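Those sequence lines, one after another, are chains A and B.
Going by numbering that gives the first Met the number 0, the first sequence opens with residue 0, and the numbers climb by one from there.
Going by numbering that gives the first Met the number 0, the second sequence opens with residue 0, and the numbers climb by one from there.
Bear in mind the hints are in silico, worked out from the structure with no lab data behind them.
Please read these numbers as outputs of a predicted model, since none were measured by experiment.
Beta carbons are placed, not taken as given, at the ideal position from N, Cα and C, and that holds for glycine.
Some clues are possibly wrong.
[To be verified] Which residues of chain B face chain A? A partial, calculated answer using Cβ under 8 Å: (1) E3; (2) Q43; (3) L66; (4) L115; (5) E137; (6) R149.
[Unchecked claim] Calculated from the model, a selection of chain B residues having no Cβ within reach of chain A, i.e. all distances over 12 Å: (7) H6; (8) T68; (9) T116; (10) T138.
[Stated by the list, open to error] The calculated label-pair distances, taken between Cβ atoms and stated as ranges, are: (11) D1(B) to F87(A): 30 to 36 Å; (12) S142(B) to A12(A): 29 to 35 Å; (13) I4(B) to Y126(A): 49 to 55 Å.
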Amino acid sequence: MDELEFLKKDWKAREVSFPKLSYNEIYKMIHKKSSSIVKWIFIICIAEFLFWGLINLFIPESTFAIYEKFNLNTFLFIAQGLHYMVVFFFIYLFYKNYKTISVVDNTGLLMKNILKTRKTVNYYVYYNIILYVLISIILNIVMFSHPDILIEIMIPKNAVLDSDKFLGIMIVVQIIVLLAMCAIIWAYYRIIYGILLKRLNRNFKELESLEV
Amino acid sequence: MDKEIEHKFIVEFEQNQNIIHKVCRIYTSNQDAHNDLFQEIAIQLWKAYPKFRGESKLSTWMYRIGLNTAITLYRKSKRSIVTQDFETVLYRIEATSYDDTEEEQLKLMYAAIHQLTDIDKALIFLYLEDVNYREIAETMGISEVNARVRMNRIKTRLKTILNP
């Protein structure tokens, strides 16, 4: 007999040995909480939307007082308005993609939709990082082009400090903070992708490669 | 009404639960993982059940959700890979010291199946379940020709393991 036919026969014969769940056991089981990847992605994505949405609230009021001296408040107000429009667009896209995920679709389509949903949120995070860097650069250019005002605000009166040295330190600190933020975000995404999506990505690529 | 659907689902599930056990058997290598996957598939089936209109056979619908859940569920893959490697090594050692009995052949084939990728596992599962190529292709979202080509490759691979 062909080896595979032999395997098939054994495969069917072993069915008898499976444990049988009772009606009540099944009832209990289907009311337990799912731990599907789609659910985790949904939770993580919502957390990310909240994180980037709420991060603005943690900027101390005094910062805005400084920006006012540079006449930057109107610019920031408009930037924020545009920003919220973009955020709502992202949330809409995310929701739309999330809704298309269905476990009844074929395997290829299902994986494609899961990865697409996740990608929407990635773009959202990239957008936030780029915005953060861009705004930092603009604010710094404006502030450093008026060093007199900057020194007036930042150095308390009567303090003896070399103003060139002070500006130098300011720039270095800003760059370090910026790099540290990017490093944290990068590490976070390595973890999310490494742990949660590596297998899914690999399976999707494998299935895709069959079609080439 | 909800209770009625629920009752109908549980009765049908009770009669067809072997399908889910078989999916778990292909995708997991220990009892805990088997039970976890079984539960997740049960939950996914129940979630999808109210939309099941009976256009396809119940078994077809269960294959699809079962395999999709197994392929997309997050599992701690590292540990299970280690155990699988270990098992395979063990089987190989045994195989060299024993005759090529049928029992040994089966052990080897099951070990080899455990080493396949998630996608290939789905294909061999559907093959073992006597599902035709058109349905396999539809379930996986690939063309029928590619499903055949891939399946032949898996079959050859399994055969070479037995007749090196």
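Structure-based check of all given hints:
no.: 1; hint: E3; verdict: violated (14 Å)
no.: 2; hint: Q43; verdict: holds (5 Å)
no.: 3; hint: L66; verdict: holds (6 Å)
no.: 4; hint: L115; verdict: violated (11 Å)
no.: 5; hint: E137; verdict: holds (6 Å)
no.: 6; hint: R149; verdict: holds (6 Å)
no.: 7; hint: H6; verdict: violated (9 Å)
no.: 8; hint: T68; verdict: violated (7 Å)
no.: 9; hint: T116; verdict: violated (6 Å)
no.: 10; hint: T138; verdict: violated (6 Å)
no.: 11; hint: D1(B) to F87(A): 30 to 36 Å; verdict: holds (35 Å)
no.: 12; hint: S142(B) to A12(A): 29 to 35 Å; verdict: holds (33 Å)
no.: 13; hint: I4(B) to Y126(A): 49 to 55 Å; verdict: violated (43 Å)
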